[in-house]
Amino acid sequence: MTPFHRLFHPMLLLPGVLLLLLSGPLAAEATTPAPTAPDSVAPSDSPGEATSAPANTNVSDLIPDAADLDNLLKPRITTLGLDDPARTPVTLDEVLKRVKERNLTIQQIEADMRQAEAQLRKTRSMLVPTITASLNYTLLDRADVLDTSNMMSGIPEGLLPESDPIVIRHKHDLGGVLQAQMPLINFALWKGIRTARSGVAVTESAVEQVRYALCYGTAQAFYMAIMARAMIELQEEQIRSTAYQLEVATRREATGAGLRIDVLRANTLLEQTRQALDDAYLSLDTACDALAVLMGDTGLPMPAAPDVPQDPDAQAATDWRDGDPVQRPDLDTLRSSRDLAKDQVRGAQFSLLPSVNGVWRGTHQFTEMSAMGDQTRSRWSIMLMLDIPLFNWSSYENVRVQRAALEKADLQLQDAEQNAAQEIRQARRNYESALRELDTSQVQVALAREALLIATKSYESGAATSLDVTDARRVSFSAEVGQLAAALKVRLSLLALWQATGEEPTRLLQLAQK
Numbered sequence: 015m016t017p018f019h020r021l022f023h024p025m026l027l028l029p030g031v032l033l034l035l036l037s038g039p040l041a042a043e044a045t046t047p048a049p050t051a052p053d054s055v056a057p058s059d060s061p062g063e064a065t066s067a068p069a070n071t072n073v074s075d076l077i078p079d080a081a082d083l084d085n086l087l088k089p090r091i092t093t094l095g096l097d098d099p100a101r102t103p104v105t106l107d108e109v110l111k112r113v114k115e116r117n118l119t120i121q122q123i124e125a126d127m128r129q130a131e132a133q134l135r136k137t138r139s140m141l142v143p144t145i146t147a148s149l150n151y152t153l154l155d156r157a158d159v160l161d162t163s164n165m166m167s168g169i170p171e172g173l174l175p176e177s178d179p180i181v182i183r184h185k186h187d188l189g190g191v192l193q194a195q196m197p198l199i200n201f202a203l204w205k206g207i208r209t210a211r212s213g214v215a216v217t218e219s220a221v222e223q224v225r226y227a228l229c230y231g232t233a234q235a236f237y238m239a240i241m242a243r244a245m246i247e248l249q250e251e252q253i254r255s256t257a258y259q260l261e262v263a264t265r266r267e268a269t270g271a272g273l274r275i276d277v278l279r280a281n282t283l284l285e286q287t288r289q290a291l292d293d294a295y296l297s298l299d300t301a302c303d304a305l306a307v308l309m310g311d312t313g314l315p316m317p318a319a320p321d322v323p324q325d326p327d328a329q330a331a332t333d334w335r336d337g338d339p340v341q342r343p344d345l346d347t348l349r350s351s352r353d354l355a356k357d358q359v360r361g362a363q364f365s366l367l368p369s370v371n372g373v374w375r376g377t378h379q380f381t382e383m384s385a386m387g388d389q390t391r392s393r394w395s396i397m398l399m400l401d402i403p404l405f406n407w408s409s410y411e412n413v414r415v416q417r418a419a420l421e422k423a424d425l426q427l428q429d430a431e432q433n434a435a436q437e438i439r440q441a442r443r444n445y446e447s448a449l450r451e452l453d454t455s456q457v458q459v460a461l462a463r464e465a466l467l468i469a470t471k472s473y474e475s476g477a478a479t480s481l482d483v484t485d486a487r488r489v490s491f492s493a494e495v496g497q498l499a500a501a502l503k504v505r506l507s508l509l510a511l512w513q514a515t516g517e518e519p520t521r522l523l524q525l526a527q528k
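The numbering used here numbers the first residue of the sequence shown as 15 and each following residue consecutively.
Keep in mind the hints are simulated off the structure, nothing from the lab.
No experiment lies behind these values; they were computed from the predicted model shown.
Where is the CB? At the ideal position from N, CA and C, for every residue including glycine.
Treat the hints loosely; a few may be bogus.
[Unchecked claim] Within a straight-line C-alpha distance of at most 16 Å, the following computed EDC-like cross-link-like pairs (lysine to aspartate or glutamate) qualify:
1) LYS111 to GLU222
2) LYS111 to GLU518
3) LYS185 to ASP155
[What the hints assert, rightly or not] Here are the computed distance ranges between Cβ atoms for each label pair:
4) GLN341 to LEU366: 32 to 42 Å
5) LYS114 to TYR151: 33 to 43 Å
6) ASN85 to ARG274: 52 to 62 Å
7) THR381 to THR144: 48 to 58 Å
8) LYS111 to LEU367: 44 to 54 Å
9) GLY376 to GLN428: 50 to 60 Å
10) THR282 to GLU464: 21 to 31 Å
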């Protein structure tokens, strides 16, 4: 019995969500807070207003009006906004509670638990006496009668008294039987009760294993949704910055200090950024949809924490040392399965032992009694029945089958314990690598932002081209996305480390508060 194999594992959704999260934005450009335009740029009342625009140039068709910036920040696809009331804001604590209460996978495994408990009660009931009642009716074609006159032939008449024929069996016969039977000595049955208890323990471990995996999978989906929301905010800032770049390029072209290709390039970047924003909203819907399935909700929830998760406390990861036994639900399930296999071996062996049953039997005759025998209508009796299995080749083969199953269960447990130790070591290395990657990404973001600021100011003053700004923007945006991905990787790798070492899911709330 492996109910965990029927688990809808949420980790299967995470790679696809991460791919949607990062694939669209990586094709767009970098973002930075829009710098203040220097005094050298000719002022104008609106970005599209020009005093000396080249011939055949309709600048207002190339750039958005400042009043329409909010429209640029809205997705052009059918999706729910960040502040849409249809999105229910939820915290990680609320999400975990709903998963435990509503998740269909947990409800299915709990049904298996109730079934195992019912099987245990059924096995115990075999120790309770069984009482049966039966009613027997027989109709004969004629009554069985013994004529004594034929037996007295040869004896002078008058020496014997006259007698009626003796009825041995009447034509109508109706009788009832009441019987109670109870096992007095039955080693196989006693061992069967212990085996049923082991089955309940296996199911309990499987239930805990499912809950454990779902809690960690839900936390991963929760942080994926947070990162998707942070990516939307990053793309919105990218649109503001690109719109500002387009405004500067348009003003420079209008005053004759810039080229038209700069305007076209900035406008193209703006369209690419808007497409990236649409992709970011789709990534958020995908992450929230996966979270809703785990929670058993029909709507799309919104993670309540808007901030990008930062570096958690590295010392709080785990105190597990190599060589220590690993305690976690999946290994507990395998240990319970091994104990169940041991009980099944002993049960197969005990089936070869004798058993003793006690029987009480009571009878009552409803119709007329026969003329011969005791005339008491109600009788009872007590019997002891000894059942000795002398030869049953199938029972011997069953013992061998159960021993092979025990050997397999023991090997599976040893293999799982070895893999768990290796998994913990690898998870710890992944976590340490993620921490270093996050530190590196933070340095790269600081350097890229400074380079973008220098390129932007140089372009505004005429010391650089728009291509320099575009390249700096691309590098800066890639660094921003890399920092988001690194922050997410730190959280997920820490969750994987806790899950590998068997940390309680309540530890997740400590991570959410950081």
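We went through each hint and held it up to the structure:
{"no.": "1", "hint": "LYS111 to GLU222", "verdict": "holds (15 Å)"}
{"no.": "2", "hint": "LYS111 to GLU518", "verdict": "holds (14 Å)"}
{"no.": "3", "hint": "LYS185 to ASP155", "verdict": "holds (7 Å)"}
{"no.": "4", "hint": "GLN341 to LEU366: 32 to 42 Å", "verdict": "holds (37 Å)"}
{"no.": "5", "hint": "LYS114 to TYR151: 33 to 43 Å", "verdict": "violated (60 Å)"}
{"no.": "6", "hint": "ASN85 to ARG274: 52 to 62 Å", "verdict": "violated (25 Å)"}
{"no.": "7", "hint": "THR381 to THR144: 48 to 58 Å", "verdict": "violated (28 Å)"}
{"no.": "8", "hint": "LYS111 to LEU367: 44 to 54 Å", "verdict": "holds (51 Å)"}
{"no.": "9", "hint": "GLY376 to GLN428: 50 to 60 Å", "verdict": "holds (57 Å)"}
{"no.": "10", "hint": "THR282 to GLU464: 21 to 31 Å", "verdict": "holds (25 Å)"}
In summary, the numbered hints that this structure violates are 5, 6 and 7.
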